[in-house]
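Visitor: Here are the chains, one letter per residue:
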Amino acid sequence: MKKRIIIDTDPGVDDALTFLLALASPEVKLEALTTTQGNVTVEKGTRNSLAVLELLGVSHIPVAQGTSLPLVGPLRASDQVHGQSGLGNARLPEPTNQPVPQHAIDYLIERFLAEPGELSLFAIGPLTNLALAIRKEPRFASAVKELVIMGGAIREGGNITPQAEFNIYADPHAAHIVFHSGMPITLIPLDVTHKTMLYSNQIDRLKTIDSPVSRFIVDATADYVRYTESKTGIPGCALHDPLTLATVIAPELLTFEEHFVNVDISGGVSTGSTFADFYHTTGVPANMKVALDVRGDDFVELFLQRMENF
Amino acid sequence: MSRHNENMTPKRIIIDTDPGIDDSLAILLALASPEVILEGVTVVHGNCSMEQGTLNALAVLELAKASHIPVAKGCELPLVQPSLLAPETHGNTGLGYAQLPSPGSRPIAQHGCDFLIEKIMSNPGEITLVAIGPLTNVALAIRKEPRIVQAVRETFIMGGAIRHEGNTTPLAEFNTYVDPHAAHIVYHSGMPITLTPLDVTYQCVLRAEDVERIKVAGSEVPAFIEDATRFYMEFHDEYQGIQGCVINDPLTLALTFAPELCNYDEYYVDVDISDGVSIGKTFADIYKVTGNPANMKVALGVRPRDFIELFLDRMEKLSSKIP
Chain A
1 MKKRIIIDTD
11 PGVDDALTFL
21 LALASPEVKL
31 EALTTTQGNV
41 TVEKGTRNSL
51 AVLELLGVSH
61 IPVAQGTSLP
71 LVGPLRASDQ
81 VHGQSGLGNA
91 RLPEPTNQPV
101 PQHAIDYLIE
111 RFLAEPGELS
121 LFAIGPLTNL
131 ALAIRKEPRF
141 ASAVKELVIM
151 GGAIREGGNI
161 TPQAEFNIYA
171 DPHAAHIVFH
181 SGMPITLIPL
191 DVTHKTMLYS
201 NQIDRLKTID
211 SPVSRFIVDA
221 TADYVRYTES
231 KTGIPGCALH
241 DPLTLATVIA
251 PELLTFEEHF
261 VNVDISGGVS
271 TGSTFADFYH
281 TTGVPANMKV
291 ALDVRGDDFV
301 ELFLQRMENF
Chain B
311 MSRHNENMTP
321 KRIIIDTDPG
331 IDDSLAILLA
341 LASPEVILEG
351 VTVVHGNCSM
361 EQGTLNALAV
371 LELAKASHIP
381 VAKGCELPLV
391 QPSLLAPETH
401 GNTGLGYAQL
411 PSPGSRPIAQ
421 HGCDFLIEKI
431 MSNPGEITLV
441 AIGPLTNVAL
451 AIRKEPRIVQ
461 AVRETFIMGG
471 AIRHEGNTTP
481 LAEFNTYVDP
491 HAAHIVYHSG
501 MPITLTPLDV
511 TYQCVLRAED
521 VERIKVAGSE
531 VPAFIEDATR
541 FYMEFHDEYQ
551 GIQGCVINDP
561 LTLALTFAPE
571 LCNYDEYYVD
581 VDISDGVSIG
591 KTFADIYKVT
601 GNPANMKVAL
611 GVRPRDFIEL
621 FLDRMEKLSS
631 KIP
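Protein chains in written order, with the numbering used here: chain A, 1 to 310; chain B, 311 to 633.
Treat the hints with care, since some could be wrong.
[Unchecked claim] Between beta-carbon pairs, the in silico distance windows are:
(1) Met1(A) - Ile347(B): 49 to 57 Å
(2) Lys29(A) - Ile347(B): 44 to 52 Å
(3) Phe278(A) - Asp585(B): 18 to 26 Å
(4) Leu113(A) - Ile347(B): 30 to 38 Å
(5) Ser584(B) - Tyr199(A): 52 to 60 Å
(6) Ser432(B) - Gln84(A): 33 to 41 Å
(7) Pro26(A) - Glu398(B): 54 to 62 Å
Simulated from the structure, these hints should not be mistaken for lab results. The structure displayed is predicted, hence computed values, not measured ones. All C-beta atoms, glycine included, are put in the ideal place defined by N, C-alpha and C.
Assemble the whole structure, with the sequences as input and the hints as a guide.
Guide: Encoded structure:
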């Protein structure tokens with residue numbers, strides 16, 4: 001049975017790779033994209049979503065545009081990691097399609113309430129749309145079959161501040177709302193995504209296939225690899241967002257634990273940091289499954305195979 | 311005392327509210343004032359639950375024979391903070407000792423935040439928003455449709471305490487404390503705001519002898535006001551040592567057509583959303599140390615007895631019009 005999914009996204013290079021992986025995976029049926037600010041502005045995110053779907057010949061998949069600002073903080077979007085367009089060096093034609101007229105918040109509410117317990121939500125950007133949907137429609141949280149989040153860093157250091165991972169840091173208050181909403185959550189934090197490095201020499205494998213998809217991947221990841229190398233010395237880029245799909249296509253590669261996970265919204269230096277109550281000190285019951293280990297190389301190999309056979 | 315200028319076009323207003331005793335008085339004041347046209351009520355959690363507040367809004371409109379005015383249900387929780395209601399202040403029903411018949415009318419299907427967005431966007435420059443509860447609905451509307459901050463004519467907010475102590479924590483006023491993150495969103499949104507903080511509202515005390523004066527025979531309105539405010543006065547006496555009750559929201563409403571009741575200063579005002587003892591506290595950059603430009607007009611001086619007299623006069627007129 002195909003898993004029917006909606007992806008909330010801020011594309012973003014690794015977001016775009018996630019769309020590719022979803023479309024290359026028979027286990028998954030990608031039903032819609034909803035965009036948020038994050039890696040890029042929401043307008044760029046919408047444009048990139050439409051452009052990538054057109055590249056892949058799936059323009060029938062609806063895109064709904066969401067919020068342009070995080071709940072409280074300033075916009076954290078920048079050109080640094082994902083390039084000016086948000087898709088690195090990839091130059092895709094202007095999309096001919098439009099997003100649906102409905103706001104992403106209302107699109108999510110409508111889709112999930114129409115088929116409660118049937119659709120899975122994959123959140124690979126800041127959680128602003130989800131938080132507002134939860135607060136606008138109290139029945140939304142229980143209508144979601146499962147929510148898989150790329151975000152957070154449990155035992156791992158942060159990638160935007162010393163303690164915080166970008167998606168959560170870009171809207172910690174939204175993360176707080178989602179984490180405490182009662183939705184069944186699976187968290188894919190930096191602890192595992194930092195172990196799924198797509199190296200330059202592996203990207204080279206795709207260069208031999210000279211297809212629009214392989215060219216897109218090579219171009220999109222070029223800046224991302226350069227940025228990672230400049231920060232860490234590693235000639236590669238982490239497949240943060242695509243790893244969320246491992247929960248569907250290769251769950252055996254991930255090791256999960258159930259914990260109460262919270263996010264710091266105090267406004268001090270720990271703002272946006274996520275932490276798990278490993279020793280049950282709070283007495284609060286577990287609110288999510290957290291992936292804490294992964295066979296990263298195996299996932300990257302699986303990703304490459306799917307891309308090669310696109 | 312304000313003069314009703316017959317030549318001025320009435321202001322089209324929407325009230326976002328958590329009714330609530332003084333919220334209900336603000337609704338009645340709007341209905342009693344030809345200077346404003348009340349075009350809708352959007353309900354938020356706060357003094358009571360959003361569901362109870364919705365029933366109260368419908369019931370108060372029915373009391374005033376104004377059931378044609380749409381009521382839209384809004385958010386039932388603050389954005390981030392856990393729920394905080396005020397039954398000790400407004401009673402279990404939110405209307406003190408007042409007992410109104412169950413309303414026959416229903417709220418509209420549209421969510422309050424979408425009602426706000428639609429009214430403001432389809433009438434650019436025309437709609438005045440009077441926000442007298444926690445700002446959850448307004449914040450959600452702004453994040454969903456950022457252009458409402460330019461399209462709204464002006465926004466009057468009851469909230470905050472600038473040089474005044476808090477009424478919910480030592481530092482924080484109730485509306486802001488219940489949803490400080492929503493207040494943060496609204497304060498920094500670019501909306502044209504007039505803030506009516508405790509600094510001015512706490513000078514506007516409605517006393518038992520004032521309420522006595524609204525005795526219009528054959529009307530249910532004075533009895534409603536008397537029953538609602540009696541509970542409110544008992545709260546003020548027991549918890550705050552005040553003889554009478556502070557009517558925050560009606561003052562905010564009055565400023566939409568009688569701005570001369572207050573003196574204003576323009577400041578950059580912010581709200582503390584850090585997780586410490588100051589959460590929900592509002593403060594103004596009086597000495598311009600942040601370099602941030604002013605983001606609102608703040609009412610810091612008021613003529614309380616002029617306001618109370620205006621309020622009583624309008625309540626008497628409203629009661630005379632309504633059986």
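Visitor: State for each hint whether it applies.
Guide: Verification of the hints:
Distance hint for methionine 1(A) and isoleucine 347(B): a CB-CB separation of about 56 Å, consistent with the stated range 49 to 57 Å. The given range of 44 to 52 Å is respected by lysine 29(A) and isoleucine 347(B), whose C-beta atoms sit roughly 51 Å from each other. Our hint of 18 to 26 Å for phenylalanine 278(A) and aspartate 585(B) holds, since their Cβ atoms are close to 22 Å apart. Checked against the hint of 30 to 38 Å, the pair leucine 113(A) and isoleucine 347(B) passes, with Cβ atoms roughly 35 Å apart.
In this structure, serine 584(B) and tyrosine 199(A) break the distance hint of 52 to 60 Å, their C-beta atoms being roughly 42 Å apart. Judged by the Cβ atoms, the range 33 to 41 Å given for serine 432(B) and glutamine 84(A) holds: they are separated by roughly 36 Å. Distance hint check for proline 26(A) and glutamate 398(B): the Cβ-Cβ separation is about 59 Å, which falls inside the suggested range of 54 to 62 Å.
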